[in-house]
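Residue numbers (the working numbering), protein chains in the order written: chain A, 164 to 342; chain B, 452 to 652.
These are computed hints drawn from the structure, not numbers from a lab.
Worth double-checking, as some hints may not be accurate.
[As the list claims (entries may be wrong)] If the Cβ cut is set under 10 angstroms, some of the chain A residues that face chain B in the computed set are:
1. Thr194
2. Trp214
3. Arg227
Predicted, not measured: the structure shown is a model, and the values here were computed from it.
Positions of the beta carbon are idealized from the N, C-alpha and C atoms, including for glycine.
Residues per chain are reported as follows:
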Amino acid sequence: MSVTLFNTPVIETERLVLRAPQASDVEPGITFLMDDRSRYMGGPQSRFQAWRTMGHVTGHWVMRGYGMFIYCDRETGEPLGATGPYFPEGWVEPEFGWSAWSPETEGKGIVREAAAAARDWAWDNLGWTTAVSYIDQDNARSIALAERLGAVHDPDGAHPDLDGWEGTLVFRHTPGVSA
Amino acid sequence: MTAMNIPVLETARLVMRGPEAEDYPDFKATFTSYRARFMGGPLNPYESWMLYAAEIGHWQIRGYGMWMIHDKATDETYGMAGGWKPAKWPEPEIAWVIWPEKAGRGYALEAVHAARHYLYDQLGWEGAVSYIDPKNLDSIRLAERLGAWKDHDAATIDGNDAVYRHPAPAALDDSQLAHGIEMEISHYRDPLFKPKGWSID
Numbered sequence: 164m165s166v167t168l169f170n171t172p173v174i175e176t177e178r179l180v181l182r183a184p185q186a187s188d189v190e191p192g193i194t195f196l197m198d199d200r201s202r203y204m205g206g207p208q209s210r211f212q213a214w215r216t217m218g219h220v221t222g223h224w225v226m227r228g229y230g231m232f233i234y235c236d237r238e239t240g241e242p243l244g245a246t247g248p249y250f251p252e253g254w255v256e257p258e259f260g261w262s263a264w265s266p267e268t269e270g271k272g273i274v275r276e277a278a279a280a281a282r283d284w285a286w287d288n289l290g291w292t293t294a295v296s297y298i299d300q301d302n303a304r305s306i307a308l309a310e311r312l313g314a315v316h317d318p319d320g321a322h323p324d325l326d327g328w329e330g331t332l333v334f335r336h337t338p339g340v341s342a
Numbered sequence: 452m453t454a455m456n457i458p459v460l461e462t463a464r465l466v467m468r469g470p471e472a473e474d475y476p477d478f479k480a481t482f483t484s485y486r487a488r489f490m491g492g493p494l495n496p497y498e499s500w501m502l503y504a505a506e507i508g509h510w511q512i513r514g515y516g517m518w519m520i521h522d523k524a525t526d527e528t529y530g531m532a533g534g535w536k537p538a539k540w541p542e543p544e545i546a547w548v549i550w551p552e553k554a555g556r557g558y559a560l561e562a563v564h565a566a567r568h569y570l571y572d573q574l575g576w577e578g579a580v581s582y583i584d585p586k587n588l589d590s591i592r593l594a595e596r597l598g599a600w601k602d603h604d605a606a607t608i609d610g611n612d613a614v615y616r617h618p619a620p621a622a623l624d625d626s627q628l629a630h631g632i633e634m635e636i637s638h639y640r641d642p643l644f645k646p647k648g649w650s651i652d
């Protein structure tokens, strides 16, 4: 018998299925986290650290009762990235995060489709009345996505006080607002 | 309610369950303290939370992991024990941590003995090691009480740890070693007869 999360939601969109993390997501996630493409979210990480990062994405669900979804190609089931509500200890506010694990996923509106669906789920199920996205000021693509999702830069928003977080911008999401 | 189907182990004094959210403060107290110096710590609160969440995720990734050790009667937590193999680990490890104020009562011995039995008997492990900081004398002593010995030839994690190799399942099955461990545990439960060399952990 395998040990897995259970009682987790599944969201379907036009092109994607969003589900809780599985053991098979770990290697594709690690590949991303060890790649330079993860540089705006604390990467590239060592394999040791990346493994722990992927493990905690699963554990977050047990700790909080929700967590980041893995969004997958609806046809092939291939995991493409992670998105959704994220609130570890030390976070000033609940966050909506997103990542695209391979460059092929970018530029097609896929991350936006996934992030919007996960955010809608969170608004409907978690009782949140606001949330933020913490984004590196140099991460132009992620800032553009936040704005396409209707989030606005909050100059008064605070971010976690962690090494390397200088220059992090706070984008604020509001229920019912999407661009 | 999101949860994970982690098996539950029971011993004479303890019940061992998967790590739960409500147990996190106990974990944090140890891993942000000096007690964690032999386990990659002390950690800041974010690192500590992340490690705890990753210990839960470890169960899904590997099919085994670390149990939270509870008192069977009061449910209070004493520490953690179980199987551990994150990235970079040369071999599957049997690992443990006891909250500092709960040490000296044989809980680690009782919990690790039960965890090792589960890993060998239910999951078919043919052996295991424990990676221990050479300065962590309490843990080295526990490894030796469990019948493990220092394996000078085995690969280490990063050269700063000593490898203690556990006896194979056959060496534990109805052996003098297993009987000795069970007798030592029973003496903690009923301290009428204290074993020689009363241990520090």
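Hints, one by one, checked against the model:
1. Thr194: 12 angstroms, violated
2. Trp214: 3 angstroms, holds
3. Arg227: This hint holds: arginine 227 (chain A) lies near chain B, its Cβ roughly 7 angstroms from the closest one there, short of 10 angstroms.
Hint violations for this structure: number 1 only, all remaining hints satisfied.
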